[in-house]
Amino acid sequence: MDSTELYHTKQQFTLGAYKALTQQSLPDEASSDYIPSVLYKARSYIALGEPKSALEIVPEGTENVALKAVSSLARFVGASDSVESEAALEELRDLSVEIEGDDAEGSERDKDLVRVLAGTAFARAGEVEEALETLGSETEDLEGVALIVQIYLSINRPDLAKKQFDRSKRWAEDDLLLQLVESTIGLVTGKDNYSNTSSFYTEQLGNPSLTSPHLLTARGVTRILRGEIQEAKSDLEESLQQQKGDEEAEAAYVVSAGLGAVKKAEAEELWSKFAGQHPSHPLVQDVNEKAELFEQYSSAFIIPPAAATVSA
Amino acid sequence: MSVMLTKFESKSNRVKGLAFHPTQPLLAAALHNGSVQLWNYRMGVLVDRFEEHEGPVRAVAIHPSRALLATGGDDYKIKVWDIRPQNRRCLFTLHGHLDYVRTVQFHHEMPWILSASDDQTIRIWNSTSRQCIAVLTGHSHYVMSAQFHPKEDLIVSSSMDQTVRVWDISGLRKGSPNQGGPGGPSGHGPNNFETFDTFSTVKHVLEGHDRGVNFAMFHPTLPLIISAGDDRVIKIWRMSETRAWEVDSCRGHFNNVSSALFHPKHELIVSCGEDKTVRVWDLAKRTAIQTFRREQDRFWVLAAHPNLNLFAAGHDSGLIVFKLERERPAFSVFQDTLYYVRDKYVRSYDFNSGADMGLLSVRKFGSPYVPPRTLSFNPAERAVILTISSDNGIYELSNLPQQAQGEVKDSSVDGKKGTGQSAIFVARNRFAVLNKTTQLIEVRDLSNSVVKSIKPPVQTNEIFYGGTACLILSSPTAVVLYDIQQQKTIAEINSPPVKYVVWSNDSSLVALMSKHTITIANKNFSQHSLIHETIRIKSGAWDDSGVFIYSTLNHVKYCLAQGDHGVICTLDNPVYLTRVKGKTVHCLDRSARPRTITFDPTEYRFKLALLKNNYEEMLYIIKTSTLLGQSIIAYLQQKGFPEIALHFVQDTNTRFELAIECGNLDVAMETAKNINRPECWERLAQQALKQGNHKVVEKAYQQTKNFDKLSFLYLATGSKDKLSKMQKIADARGDPMSRFHNALYAGDVEGRISVLRDVGLHPLAYLTAKTNGLDEVAAEILEAAGLTEADVDDIPSFGASTLKPPPVITPTTDLIWPSLSTGENFFDKALVNGQLEGGIEPAYVNGDAAAAVNSALDAWAKEEEVHDDLNPEEGGWELDADGGEFQDAVTGEEAVVEVEEELGAGATPGPSEPELWIRNSPLAVDHVAAGSFETAMQLLNRQFGIVNFALLKPTFLSIYRSSHVYLSTYASMPPLKLHVRRNPSETSPSRVLPVAARSLASIRSELAEGYRFVSSNKLVEAQETFRSVLEALLLVVLSSDDEAKLWRETVTAAREYLLGVSIELERRRVVEAEPDNITRQLELAAYFTQCQLQPPHLQIALRSAITAFARANNQAHAARFAKRLLELKPDPKIVAQARQRIAAGDRNPRNAVEISYDEFSPFEICAATYTPIYKGSPSVHCPYIDAAYLPQFKGTLDPLSRLTEIGAAASGLPASW
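Taken in sequence, the protein lines are chains Z and E.
Residue 0 is where the first sequence starts when you use numbering that gives the first Met the number 0, and the numbers rise one by one after that.
Residue 0 is where the second sequence starts when you use numbering that gives the first Met the number 0, and the numbers rise one by one after that.
Facing chain Z, from chain E, some residues (calculated, C-beta under 7 Å):
| # | residue |
| --- | --- |
| 1 | A906 |
| 2 | K952 |
| 3 | L956 |
| 4 | L966 |
| 5 | F1192 |
FYI, nobody ran anything at the bench for these hints, they're computed from the structure.
Built from N, CA and C at the ideal position, the CB exists for glycine as well.
The shape of chain E in the complex, shown without the other chains:
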């Protein structure tokens, strides 16, 4: 136990009682000053205070499942409280004890409260009826504590009378003795206490302490009791059904021991005392493991969390909450596998299958009480390095087994150890170890020897993997990216001490996590962003899309590379994220068990899409998810994407605001109509004006009846007719000023004059008329004013007015001129047109087309199937004839002489790899790959009687050149010739073999191609293909009997097709060249049907034969073919035709032309003459493909394959596997 990790501390009056909430991070503390505090120890805030007790409160308990708190104080009272914030109050008070109440406890299932008091009694209360239901007497001094057994009906109590007692309360459960209260209806009184004793009996009295006993409790699972006394001793007792006895004592406290607890999960004891220490003991060995000392404060009480690894201790000036060990499990993720440590076992967990298994025990690594701190995994070697903080920091390098075995091995067997606080793999065969005290980083190889030592440039507390040949060094104030090779700092980022480092899946980004900050940096630290959290950051993992998902004490959050972050979900308890895949977060919980959390990644996906301008994805998210709400709108607006926010908003006012902001006038107009308030129209007009959309401006002005501006707009757009309309409107409104304006704008002099006259401004009217050369009108005005020319001769004469509106050069009335670019918004388009379906979802396929494709595929599939069913009978081949003899011959001289040779100039060349290949294989193809064409040819000649090699030249060369590859590894040197092996895992020189350039499968697919040529009547191509197949089959690597069988089938099939196709080609030639030679034509057609083809092709052969024979009036033969056709179950249409043919044959069972064809006696077809060789007649065969020939062809070149000498001796395929 190297550390006691303090999680929370508070300052207060002396703490005498403590209780954890079972599920929430709450802790109740009873104080000597009479107050009861309720702390949220995770957030570090005081949640509530209960202050009704008078005098010190010693006892406190929280109900295991309900929001209830019980307290007991020196005022003899037990109070029960509702602690829900909305109705927190004291529910009731239990009166009865006659002295201080020392402890209280809720029963785990019954509605009972147990209390211990200085009045020497233990009482059990029914919290429903609020009555005392039992009083346990027997102690002869203060009862300091009383605890229920976690499962059985037992109570253990401790007392100042120096005893620990175990009480049996099973009677209490059987017949709950009274609902009414002590003594039943007869009344209350001390005499009645006797009645209770029938329900509870003292089972054991444990004597052994020399002073008063302060605390005693049961072990959660074992029949053990622990007690702590003023004699400074902790005692462990064992009990059976009949008796209880002392097992051992733990000595070490040098003052009164206040409390001692069993650790709920581990074999540990935790105790505290007035000697100002908290101590941890090994339960099995009863030895002290650790002591935690405080300067000033005596410890009074200890509490353990029921589920978590968490303890609380109360002392003179407050309380502390602490952990005994780090809970963060050591883990490392590689591809789809998590490697982690649980209970000192290295385990692997497959994310996909969920398979979880133990691989390696590390029980003997470091202190048995301390879990390993970090784990670094090396996929190349399948090795792990663990570090542990005990023993001042050590590491161990061990290999993991390839598969899980029954017996998990212990790392101590072959692990390599050393001292160091931090150890990680930095390359496939190197790891780095940091020694904090000497400040030295050692790079070691897998045999644990130092290959390099580095003095880090900064005070380094921890090292992490930093990418190829780099380390990340964590110092108190910065993180440093450090190049190992070059021994220099590449970059440095200021940061609080970094505790964990997580690389993204593509290693382009790294998250550096410290207690409260996360720095996201790129791989050379040139760019980075910082996130600050107020709550402790626990762990993190990268999403595939480059989003960092992290967990704090109570949240799972996300963070984008540029620093945006937000909450994904809340957590009850901290988890340690290991991987994020899609909507699933994989994590380890506090007890290192793998868990998954599913969450909705929409929000951050959307934000990410926004950052990357991936509009399709955003649209898709908008359309498919329910991403709504004020926050996303605010986010979009804040990030400068009002146009996108627009699509989320239903509220008209907000829509209008957003539309104005992003300049979407259509939407703005629409919403303005709905809102219809002057200020809206005004803002719309302003925005539209900015964008130059004067039509919208016009509309807005019209709506607000803003005539002046409207007129001016018309002037500006040169819209004269509109201006004249405005004049009329102004007239109608009786607004002479507006009339004048409009007249002026429209250049309507008469109009102006008439306005001036109407309002009685005759002088102005007169002058206007005069200066515009309207003398007649001027005269009229004079007259109307009752004046003459002479009356106004004192007026100076003005020149002719040039005032008129500028002429319209470009009629912009109907134009929207260069408007502010709003950009062709992808969203507008897509959302308006509903293009989304087409864009994102796969396009719908035209039904017919799809059907056609399907049928085509069916046809294919059928063809393949049929082919595989085909199992042509075949025998007499000497393929099984063993090549063993031959093999022996070549393997005879295998032994490679191992001569220890000194390095130096005299080095003689060794055997090259091709030479090894030749030695190792009897297959011609391997000799070809090795470049030994001569031996390859000899082999082929011997095995298959091949003589005509010219045809094989391209195959030979192609195999040869595919088996060697060149790479220059040293400047200016000729490249190394490397040899491609087919068994790369094999390195023994006696077993290496060259790569198989062509596989049997690929040749079979070529065969299938030939079939397709046959189906589509491309017989010449088919013939070529079948020949090429036969050539390729000569040079193929076979590795098993099954493959050899398949190989033989393939050879036979290719031969039959080649023969059939050749016959059919010959028939066509005869039809062409000798149309009169009907006999030969019919014969060939008949022989074609005798080749062993697949049913679809045989149908073709039969139908062609039927046609030919029917035409030649050989009805009997035609009917026979038709019957054979029917056996193949062709299409209904063909069935009908075939039946007709059979009927015709029945009617007229004769053959007009006599041919040499007896279908009833088996025959082979001579592949040279295309004539039958009936069974029993002499024949010779091709040594390779086994085609039959008439004896006279012996010794000639096989015309079918063109490769072999007919009738030559051949040993057949060697079995080399």
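One chain only, chain Z, in its complex shape:
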């Protein structure tokens, strides 16, 4: 059983309250919570896209495999060119091999985490097969399951994700992360009008011991999917209020705006602002790509000469 603080940390991490997590102070170095807390904090930094801060809090020269893996992941995420990222990936590959050895040091928990972190990096690098292989389909680590499910979903295999989830239901008690996984699958499949996902986020928003704007964003997104645009808009506005300039919430807000939450001109304006501020967001990149394709495809049609009108 984890200590209360660690439990909270874990809960916050699971529900995406990274910002709050990074603002928490770490326990005493002698405490048994120290390393897990550092791990969560570092992973929160990485999730927030601040791998440098993550590297700062990881103690140097550590022998703990999980900590090593976390710093490798941080280096991978923060890599500025392919050489650096390839080097970080290599480190993670080595670590994954190392923990498989019989005399490998570190607890099971650490080893599981190494797999998860390595899997994350591989998935980010687009090495889906390698990621899945590293994680292994028989894992009894819930984080591993969550990652596997995420990978399956990203390659449009909700059926496999569902299977993995059903399997883990057998051994994982009614854990929060398991519920999150279930709700994530719901987001993709849209089962029962997204009701499971929707009630999951609504329930977690009512949780007295935790608040995270991410939850509001998530519910906003769910509401968009459910076609409740105005409600979604209010959720997202609230989320943005709590966390100004959050990329994810803004992206969702732009979508809700495009679906009629605000006037057309305003929606356009929001979009151009968003596209300007977050050029690396997948939505922006995707749309830009499509815009180029548009040019390409539309040029295939030959535009006849304009009719000679009286005015022209």
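For this one, chain Z is given, so just place chain E on it according to the hints.
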């Protein structure tokens, strides 16, 4: 029957008779020691005692509608009592019986009293004439009981002669035999008994008991009789018109059965006997259900409440009042619906509509005699969990049907059962079950399998929902908020065992109710307050404003979060509150029927507003309601709001007190004037002094003539002139001391000296003068005293006096200096200024402005209306041409291959949702949303001949980006790309479709915007808007024939307007560029009128044409336009002008300029050249908007929409629905 719930118990001498009051919680008990007690069993107090009988009293009855009590005793007497407390007394005594009176009973409608006696007779007495009107003879031993039939003219009696007899007394009612008494005027005597028998006959004699029969009664509705005898048997008899026979016996008592009753509502029998037991039997099966045993006391009598589920039993050392089942209905509220159980049916009740219907039968759940105890509702699954206390506690999880069906299904069909005393939903797909004996809480999923087991940290008797992932555990001494996930206690509050838990609507507060206390806590139990009640608390519900409304046995009360509570109204019978909305309390009564109670929430609203410092609301309440009275004033004063209390008070003295308390000097002053008593002025002066308001102090001192203090006040304020006035006053009063004071304060040396001289204190006067350097005056004094300088040379010489009042630095005379802050009181301001009206009520709108707004709105509305009426003729479009062929082509390869695949690294990517969209829809817009621009363009080209896509780029991109949303669900992983569907309830991959970014309705509102541009003469903007409408219409989702029709109308309307506006713009260009080309100008003006516009816009076109043609002196044409204008019924003013124009045309029917315009033969307008194409002439059309062109334009870009190739082939809109 798991429990017999004892509600009340009393200790006394042996109880031989019992009777319930029909409406009040009163119970009469006849005692073996000769006393008759009247108990209030709800409050547990002895209300009255009637002690006039000599020897034991066995018979007792309460009148069904009047405050009368009848008793009969071993003294052969029947006494009738008035039981109203103010005039309680024995009204009269009926003499006649010759032995013990065993039972008495009032008739339910006639003024008759029935009595049974050991003298072997049954008598009926008229309580009005106080005479015996019938004597029923026939029993050959003591008559132990006699009871009227509840409806018919029958009596059933039981006797020691081992028979039960049924008597017909209908004769008695027909001709009430005698008003005078037995035997008529001839006299009294046993012989006369015979006469009565003509009116009452024995109808049936029921033989079967082997010993004497102690009690017999009719069933309230069925033709049944029950009897209880010394043979230890209870017998059930059935009777018809002609005969009566024994149906069955209930055996089980092992000593004499004293009494046996039919349950007034259920198919049950309740009996008691000398074997010290009370037993419950099933009437239908004649089987024993339950036995309630007492150690010492034999039971003698049993009584049932006529309306409620309540019984009383008398025994050797007192009586007990008991219930056979819990009455509290199991219920749960979700939003506007109440889910509850009545008669073993789960029902739903809509608070708004009052619709009440049965959803699910739970008849087979647990014991048939026990109602379910709790109900927990899960809105996400529309499921309920019921618990029942029979069978040691079981629960059942069942789904409710979506709608009420004809046949209500039984829960046993697919319900999931288990053992547990307490079961509740804790999440959308989890519920928790408590097993009390093993002390284990199991969290189960909807398939009823355990996902988690929890060992509660305390002895837990019941569990409740505790917010997300939490449970509330009720233990004997505390309530615990327990986190399921973390398996640990979050908080604990000491409390007696909590029985019910109610969450507020916003889930921020929770009320924990136990038998006599309510704990109001916030959601993590960090703050709480406790309310104690002396009477049993029954139920509660939260008001929307966060006030807890609860019911006790006899009151509805409120309670604020900080613990203030008070009574709202009183109750006759307990109710179970389900919801509070505004002034209405929704509740379930004891028989689980929904009811509402309206009440006045003013008091607690006011208190709540007070707590929240919501002055506006308080003011509003003060102004609008009749919230008055001592209690609210006392409350306000006690809570430290005297200034508010002030506004409620009329009484001057109280007003003064309050004003002083809150420092409102104005009010205090005003009231003090009215009261005008010295002590008031003094207190006012004190308070004013504290607040530094010296003017009020001055006034108060003046009123009380407190000159000394007044003078000192003037000194303190530096008011010299006032001091000198005071001197004069003192002079006038002849008070030298006061004069001296004032002179001293004012620094008036002369004055001082003169006072001293006047009172003959020459030495002092002399010295004063001397030390102040007034030598002349000193000399005068000496002289007056008859002394010289030499006489006083022994006086030591003093230095010059420096005694004088301090100089005034700040003249405070007219200032009220820093006064005690009373705060700018909102109330003072508002109440004085009467600002309330402005503040609370909506501001009055200036009449003219409102009218203007209205007319503007009318104009809008009119425009919209007209638009909808418009139904332009339109044909020849190939819109109906089916896209079926195309559809087939894409749906052909639909089958998704289902391959059972093992999990693992080799997973291959599946088809993405956009791919599904593309497969599922032939609409270009869906392809755009899927991001497949290429196919979308092909579709548009094929369907509408679109070639110029550049214009559509923003629309394409906007649709695409609105159809996908990203959410990261796992740390550091790229976000998941989610796809927004327009049919979220659909999950089948072959039917999912993307969201409709723009609706037809929103495009039509854009069209209306274009109309407004036309009306306001912003033609360039209008042109742009109409083009944008036409672009948007290409990419809109249609789902029905009606929508398709509307779509076509919209396209046509936009085209006509676009054409009209373009022509008008061209005309303006010509006017500008070629002012001499009148012909062309007139032609264009004329063509404009030929576009199919709405009447208001057509009027504009016609009027502009009339003006242009009149100016060009084409009077005949102008008159034609004017006639067309008249058909549109324009304003009277315009009508007048039009008539003038027609008249002018009649006078001068000529046209000065020849133009190419023949209004009498139909034509289309070429949208490129703006020239007519008369019917029959060749033309080509735009494949999308169907604008007409001269044949030479074939193959060019449509100049109107700028999208299509004129004359291209197009398949038209595909019908995808």
